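Q: Here are the chains, one letter per residue:
Protein chains: 2
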Amino acid sequence: MKLYDYLPSGNSYKVRLILSYLGIKYEHILLDIHKGETRSEAFKDKNPVGQIPLLELSDGRRIAESNAILYFLAEGTPYWPMNSYDQAKALQWMFFEQYKHEPAIAVARFIRIYAMESRAGELETLMPRGEAALAVMEGHLADNLWFVGSGPTVADIALYAYTHVAGEGGFELTNYPNIIAWLDRFSDHPKHIRITDQPMS
Amino acid sequence: MKLYDYLPSGNSYKVRLILSYLGIKYEHILLDIHKGETRSEAFKDKNPVGQIPLLELSDGRRIAESNAILYFLAEGTPYWPMNSYDQAKALQWMFFEQYKHEPAIAVARFIRIYAMESRAGELETLMPRGEAALAVMEGHLADNLWFVGSGPTVADIALYAYTHVAGEGGFELTNYPNIIAWLDRFSDHPKHIRITDQPMS
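Those sequence lines, one after another, are chains A and B. Okay, so the first sequence: first residue is 0 according to numbering that gives the first Met the number 0, each after it adds one. Okay, so the second sequence: first residue is 0 according to numbering that gives the first Met the number 0, each after it adds one.
Worth flagging that the hints you see were computed from the coordinates, not collected in a lab. Incorrect hints may appear among the rest.
Just so you know, same-sequence chains aren't split out, so a pair can sit in one copy or run between any two.
[Claimed, not checked] Taking lysine-lysine pairs in the DSSO-like style, the calculated list, with each CA pair at most 30 Å apart, reads: (1) K45 / K24; (2) K45 / K1; (3) K43 / K190; (4) K45 / K99; (5) K99 / K34; (6) K34 / K24; (7) K99 / K43; (8) K34 / K1; (9) K43 / K1.
Since this is a predicted model, take the numbers as computed values, not measurements.
Bound conformation, chain A alone (with noise of 0.2 Å):
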């Protein structure tokens, strides 16, 4: 198994965080996105949309989008919910996860560590966007440990990649205090690896 990834995406880091959790050894493959390496045409031969992260099965089949990735190497396992309902409420956080959360929280963490002079100006809006987001998650953790279910699921997961680093995107998480604590319970997870940690392989 190859993953295609860059080290500082959070949407790569949600593939490495449950590779670990599953004990899954793989070929970690990086490219470098400020040098056009998912743009090239070798590639978008892979990933028609120029994106990391990738997952390349063994028999050459390919998986892209982050949340996609993370069904596949969850489903049977304990990160995927068991009923059909709490199914569809992870995929319901996951899809407010690529709408809501990761285009304002995600982009405005970009911005501020490598865009500040050709795009500030998006913060402007960007900013109340990730807000509302990080509101919502405070209310779902007011009242529960998880997103579903009564341990971490794929939903904790994705929503974890971008959350815990916010504060990089001009977030103030102490603003949030139902958030901080489920940060702290998910890396509590004896698995648990950084963004920023090489994978072994």
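Please build the complex by placing chain B on the supplied structure of chain A, with the hints as guidance.
A: Coordinates of chain B only, in the frame set by chain A:
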């Protein structure tokens, strides 16, 4: 089963399509997004994100996010693929739809129909993003009749919803002959309904 809905919404139309395919009767509750009816406190008690579609089951449990609702309704039917890899590929296309396709094509359509005075400036970035998403679909459909496997699945339903009205967003679909052929194939379904059809309850 109740569906909270707004008739012109492609995201809601996905749910109406699969309910029609499966012959499921439901109560149809129309909200007017332009009057803020999805942002009322009463509705946000049901869905804190303040969006339709929202599916409410007979026991009061609720599922938001169009593609999560599609999963819930399709699981165990021919519209959800049989094996893990094809399931992950269906989700890959559904996440592509919500991340790359809908935020460009559906938003361009919304602006052209309702918000040209206040938001026309956004079209400059939305149009090339929408064309890029259509190009990815066109490339896939050059070699495949459907997005996953040998018949329509949740992936086709999710992508059909806003692609078939992309013209209302200013996109010229005649530039994408494989998409045109797929739209025709899709709408040949004996239980097809149009986006503006009032469901029977």
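Q: All hints, please: hold or fail.
A: Checked hints:
For the identical chains of this complex, K45 and K24 are intra-copy neighbours only, at 21 Å inside a copy versus 42 Å across copies, given an alpha-carbon limit of 30 Å. For the identical chains of this complex, K45 and K1 are intra-copy neighbours only, at 12 Å inside a copy versus 41 Å across copies, given an alpha-carbon limit of 30 Å. With identical chains, the CA atoms of K43 and K190 are never at most 30 Å apart, being 33 Å at best within one copy and 37 Å at best between copies. For a Cα distance limit of 30 Å, the shortest separation of K45 from K99 qualifies both inside one copy, at 27 Å, and across copies, at 18 Å.
Both within a single protomer and between protomers do K99 and K34 lie at most 30 Å apart by alpha-carbon distance, with minima of 28 Å and 22 Å respectively. Taking CA atoms no more than 30 Å apart as the test, K34 paired with K24 passes inside one copy only; the shortest distance there is 27 Å, against 53 Å between copies. For a Cα distance limit of 30 Å, the shortest separation of K99 from K43 qualifies both inside one copy, at 26 Å, and across copies, at 16 Å. Taking the shortest alpha-carbon separations for K34 and K1, only the intra-copy value of 21 Å comes in at or below 30 Å, while the best inter-copy value is 49 Å.
Taking identical chains as interchangeable, the C-alpha atoms of K43 and K1 lie at most 30 Å apart only when both belong to the same chain, with a minimum of 16 Å there against 42 Å between chains.
Hint violations for this structure: number 3 only, all remaining hints satisfied.
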